[in-house]
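Student: One letter stands for each residue in the lines below.
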Amino acid sequence: MPDYGLKISKAGYDVKTATDINLIFSSELNTAAIALSGTAQQTGDLTDILTFTITHGLSFIPYALVYVNSSKYPSYWQWCPLAPLSFMGNQDQVYNIDIRVSSTQFILRVLLANDDDDTINIRYYLLNTSI
Amino acid sequence: MIIFYNKKTGDIVGTVDGRKHSKDVLEKVWIGDKKEIGKKVVEWKRTGKERKREYTEKIRKVVGKDKSGNELSQEFIVKKEKTVRDYEPDCDQKEIMTDIESGKKRIFDYKIKNGKLIK
Numbered sequence: 477m478p479d480y481g482l483k484i485s486k487a488g489y490d491v492k493t494a495t496d497i498n499l500i501f502s503s504e505l506n507t508a509a510i511a512l513s514g515t516a517q518q519t520g521d522l523t524d525i526l527t528f529t530i531t532h533g534l535s536f537i538p539y540a541l542v543y544v545n546s547s548k549y550p551s552y553w554q555w556c557p558l559a560p561l562s563f564m565g566n567q568d569q570v571y572n573i574d575i576r577v578s579s580t581q582f583i584l585r586v587l588l589a590n591d592d593d594d595t596i597n598i599r600y601y602l603l604n605t606s607i
Numbered sequence: 018m019i020i021f022y023n024k025k026t027g028d029i030v031g032t033v034d035g036r037k038h039s040k041d042v043l044e045k046v047w048i049g050d051k052k053e054i055g056k057k058v059v060e061w062k063r064t065g066k067e068r069k070r071e072y073t074e075k076i077r078k079v080v081g082k083d084k085s086g087n088e089l090s091q092e093f094i095v096k097k098e099k100t101v102r103d104y105e106p107d108c109d110q111k112e113i114m115t116d117i118e119s120g121k122k123r124i125f126d127y128k129i130k131n132g133k134l135i136k
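Just so you know, the sequences run in chain order A and B. Be aware that the first sequence starts at 477, since it is given in the numbering used here, and climbs by one per residue. Be aware that the second sequence starts at 18, since it is given in the numbering used here, and climbs by one per residue.
A hint or two may mislead.
Calculated cross-link-like contacts (lysine to aspartate or glutamate; reagent style EDC-like; alpha-carbon spacing at most 16 Å) [claimed, not checked]: (1) B:K133 with B:D109; (2) B:K75 with A:D490; (3) B:K57 with B:D107; (4) B:K52 with B:D28; (5) A:K486 with B:E92; (6) B:K99 with B:E71; (7) B:K24 with B:E53; (8) A:K486 with B:E74; (9) B:K122 with B:E112.
Hints are computed from structural coordinates only; laboratory data are not their basis.
All chains, full assembly: derive it from the sequences and hints.
Tutor: Structure (structure tokens):
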């Protein structure tokens, strides 16, 4: 089978002969591409559990990158590790964040710790790579 | 962009990024409960116009030789121009959608009523 694929070189380099370090993109390298990305928002108050359900339809379990932002700390976007407890903005403020990914859905749940309205924004990136 | 909104209140609950979406994404992707949440799809189309866009490129030029006769080069940044095709949102609220995509406006500051974005 002949070679096939896609390569993009840096400016000034011939894409046909450029070494990997001089490429911006190569389909030979197992680069994780974004299959689906977007935003979601919900508002609640103390002890509410906000559930963000995204039906992705990818037919595999994708890697998920998620950033979360609270209206209490609008300048912070916190990366969500898969840890049950997360701090957001001020370290006194503890949110319980839970993320689950299946071959059909991405679900993020946030247990709020504030005693008044709090708007949670999420920015999600589901990668074209199975876990 | 695909915008998902609460059918009763019009509140926007989420989005999927992008100017064009595959058939799979349009059919399968959903945010929230299908019974409560509606969706509005705004894709982008070519305007048929072209425009000039400036960009910069780094180039390396030989500027002389050292004592051993090796060529010395220096990096320069040059301004160039290219012609690009114009695209626009395929809807009657082009300006708002363009501002949302560029980050000038926040999608969550809007609601959807009768298929339109309103404040």
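Student: Hint by hint, say whether it matches the structure.
Tutor: Hint-by-hint comparison with the structure:
no.	hint	result
1	B:K133 with B:D109	holds (9 Å)
2	B:K75 with A:D490	holds (15 Å)
3	B:K57 with B:D107	holds (12 Å)
4	B:K52 with B:D28	holds (15 Å)
5	A:K486 with B:E92	holds (14 Å)
6	B:K99 with B:E71	holds (7 Å)
7	B:K24 with B:E53	holds (6 Å)
8	A:K486 with B:E74	holds (10 Å)
9	B:K122 with B:E112	holds (10 Å)
In terms of the numbered hints stated before, the structure departs from none.
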